[in-house]
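J.: Now for the letters of each chain:
2 protein chains.
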Amino acid sequence: MKKRIFTPGPTPLPEIVKLSQAEDIIHHRTQQFSEVLKEVSQGLKYVFQTNNPVLTFAASGTGAMEGAVANLLSSGDKVLVIRGGKFGERWAEICQSFGIEVTNIDIEWGTAVDPSIVEKKLKENQDIRAVFTQLVETSTGVVYDIESIAKIVGKTSAILVVDAISGLGAQPLSTDEWGIDVVVGGSQKALMLPPGLSFVTLSQRAWKNVENSNLPRYYWDFKKAKKSLDKKQTPYTPAVSLICALKESLRLIKEEGWENVINRHSVLARATREAISALGLSIFGHPASNVLTSVLVPSGVNEKELRKKMQDKYGVLVAGGQAKLSGKIIRIAHLGWMDSLDVITAISALEMSLKDLGYRINLGEGVRAAEEVLRG
Amino acid sequence: MKKRIFTPGPTPLPEIVKLSQAEDIIHHRTQQFSEVLKEVSQGLKYVFQTNNPVLTFAASGTGAMEGAVANLLSSGDKVLVIRGGKFGERWAEICQSFGIEVTNIDIEWGTAVDPSIVEKKLKENQDIRAVFTQLVETSTGVVYDIESIAKIVGKTSAILVVDAISGLGAQPLSTDEWGIDVVVGGSQKALMLPPGLSFVTLSQRAWKNVENSNLPRYYWDFKKAKKSLDKKQTPYTPAVSLICALKESLRLIKEEGWENVINRHSVLARATREAISALGLSIFGHPASNVLTSVLVPSGVNEKELRKKMQDKYGVLVAGGQAKLSGKIIRIAHLGWMDSLDVITAISALEMSLKDLGYRINLGEGVRAAEEVLRG
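These protein sequence lines are chains A and B, in that order. So for the first sequence, our numbering puts the first residue at 1379; every next one is plus one. So for the second sequence, our numbering puts the first residue at 1379; every next one is plus one.
It should be emphasised that the hints constitute simulated quantities derived from the structure, not laboratory data. Just so you know, not all the hints are guaranteed correct.
Which copy is meant is left open, because identical chains are indistinguishable; a pair holds if it fits in one copy or across any two.
[Stated by the list, open to error] For lysine to any residue, the following SDA-like pairs were computed, each having C-alpha atoms within a straight-line distance of at most 25 Å: (1) 1625 x 1693; (2) 1381 x 1394; (3) 1498 x 1698; (4) 1602 x 1424; (5) 1396 x 1414; (6) 1625 x 1390; (7) 1586 x 1476; (8) 1702 x 1680; (9) 1499 x 1485; (10) 1632 x 1526; (11) 1396 x 1743; (12) 1602 x 1477; (13) 1380 x 1394; (14) 1605 x 1737; (15) 1456 x 1606.
Kindly produce the complete structure, drawing on both the sequences and the hints.
T.: Below you can see the structure in the form of structure tokens.
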């Protein structure tokens, strides 16, 4: 059966990315690899919209998140964590593992943090060393107003650390212009790669924190990674095949243009949301991101059965809800190597599956609404 | 130019491994991936020669080394590290990063540790919690007598942690039979994969250490990884494409048979050493492993020029010496997806390159000596 993947990571791979992985392996301590790394470094700066170096780790996104905590803080430091879903919780868990004192801003899952609450908390706790948040909270699909939060945090001595793992390359994010101190990314999202690489970039201000941090780290040692990168190398054996594939995906992004890539994601997201509304279904979470659309499973429909029908009968894989949202939502990603007709296939599979399960909808209405958006 | 790679990682990739990476990505939270992980888990146990679970991390080998330190020890613990090269030094560095008190057994690079010294040190320091060593010290090519060391350590309350990153699947290593507590492996060696995965297995005794360890870890949390593995999952997004490729390479190993794979490496190593001797060159390090042969660069020949000649004129990439051995040796790996005629190509390129550089050798004498061994 032909399979289509609409999960918020992994995302579909362009053919050139797949094929590049089938090439003979190259050795990392060679001029050849250094040239790849040089090109990749430029491309990553472009995607992160920064002039600072972007470090690459052989690890999935959580690895670079741990790296950020281990390199930026010292034991007993106080931090603020915005918890609006599973990945906000992850920041708090990592910090706690490292003996960091965490103050949480708990927001209802499916809502975005109000930047003024961040401002208030920072005023109340002037010894906060860092604020940890997401660009897009992947478990809900909600996007946070990072630009405003960055302005607020920038006025304090705290640094802002943004998990942009799912949002990078899909959601507007201007690292330098917005004054974000630390941004973390991952390979298996809009970067159109398999999982296995994670990224992090630091502002000058954040690098000062690294100098003073006393938490243990070795594999995640940012200073060592930066020193190696200056010489177009990595401290330890890099994930060579994934980095060579990254070169190809970054070329695709450069060819299309970063603004156009972001805009494409925005259009696909809007088309999906219009389709969902036209089908009389409700979108979960606000404001919805460019990454994925969370759809409330309508009463009378079993979430597991719906996803199973979509997958088994139509070959379409969407994600379910995580943790407390399990069984309540499905998450349809429009992320990475996706175009208008991909969205149509996802909506069509949803329509037919709902009908198959006896839910009353008018076939084609979602697709029609999506088409209205997609034809521009 | 046709290129041949003889470095001790990355090693050449079998076609099926390369092609499997070019397949469409699958999602990790699916039955399909769980089945891959189930097969891979069985295969890894076979290669590690253990009945205990083998954990897989999206990281290069150093990552799992750090994981071993962070999961097995507590701050202020005392450990013994055997330092006979760059990777012995790495154990000491990682331990020190985590506030562990390290006693080093420093041996001359190119020699193996005398197990009786380990015994003596453990008697002198009865509060040693763990002994860290290599199976093969990749920077010199020397293999250590892990079986004897395991017997000694097994009589104490300390645990034995073996970095088998380069040796796994090339050098005899019977984790359970020899009573080794912890073994670390990596993907880009005899497992015939690109870099990006690392592995670790723990004995029942070692798992008890994990219970009592207080060092910070999150990404490397072994307990969490084991709990997930029991459900055929991983705690965080795994390196899906590499794990699918691993399924293929483990199948190749199973097909050939572990003993045969080890034996093949042993024959290729012996053929290489015979060739080197027949050319009147000296092997560096003793006892030489099945992983690679270190060759002392003869006087009158510049190491950089030799490797450059081999690479530029004959397309053969070998490794140089690391750290204090830089410029003094070349390292020819016979590791992973390698057969008799691969060894012939490496020796032939070495012969011709030496001749090209004006060094007096008789062309073909190395190849002849290798052939004597290889034809069995």
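J.: Each hint: holds or not?
T.: Hint by hint, here is what the structure shows:
Proximity of residue 1625 to residue 1693 under the C-alpha cut-off of 25 Å is restricted to the inter-copy arrangement: shortest distance 24 Å between copies versus 30 Å within a copy. Within a single copy, residue 1381 and residue 1394 get their C-alpha atoms as close as 19 Å, and across copies as close as 22 Å, so both meet the 25 Å cut-off. Within a single copy, residue 1498 and residue 1698 get their C-alpha atoms no closer than 35 Å, and across copies no closer than 58 Å, so neither meets the 25 Å cut-off. Taking CA atoms no more than 25 Å apart as the test, residue 1602 paired with residue 1424 passes inside one copy only; the shortest distance there is 23 Å, against 36 Å between copies.
In this assembly of identical chains, the alpha carbons of residue 1396 and residue 1414 lie at most 25 Å apart whether taken from the same copy (17 Å) or from different copies (19 Å). With identical chains, the CA atoms of residue 1625 and residue 1390 are at most 25 Å apart both within one copy (16 Å) and between copies (21 Å). For the homomeric pair residue 1586 and residue 1476, the shortest alpha-carbon distances inside one copy (19 Å) and between copies (21 Å) are both at most 25 Å. With identical chains, the CA atoms of residue 1702 and residue 1680 are at most 25 Å apart within one copy only, with a shortest distance of 16 Å there and 65 Å across copies.
With identical chains, the CA atoms of residue 1499 and residue 1485 are at most 25 Å apart within one copy only, with a shortest distance of 13 Å there and 56 Å across copies. In this assembly of identical chains, residue 1632 and residue 1526 lie within 25 Å of each other by CA distance neither inside one copy nor across copies; the values are 27 Å within and 56 Å between. Neither within a single protomer nor between protomers do residue 1396 and residue 1743 lie at most 25 Å apart by alpha-carbon distance, with minima of 35 Å and 43 Å respectively. Taking identical chains as interchangeable, the C-alpha atoms of residue 1602 and residue 1477 lie at most 25 Å apart whether they share a chain (23 Å) or sit on different chains (19 Å).
Taking the shortest Cα distances, residue 1380 and residue 1394 sit within 25 Å of each other both inside one copy (20 Å) and across copies (22 Å). Neither within a single protomer nor between protomers do residue 1605 and residue 1737 lie at most 25 Å apart by alpha-carbon distance, with minima of 58 Å and 38 Å respectively. In the homo-oligomer, the alpha carbons of residue 1456 and residue 1606 never lie at most 25 Å apart, since the shortest distance is 31 Å inside one protomer and 31 Å across protomers.
Hint violations for this structure: numbers 3, 10, 11, 14, 15, all remaining hints satisfied.
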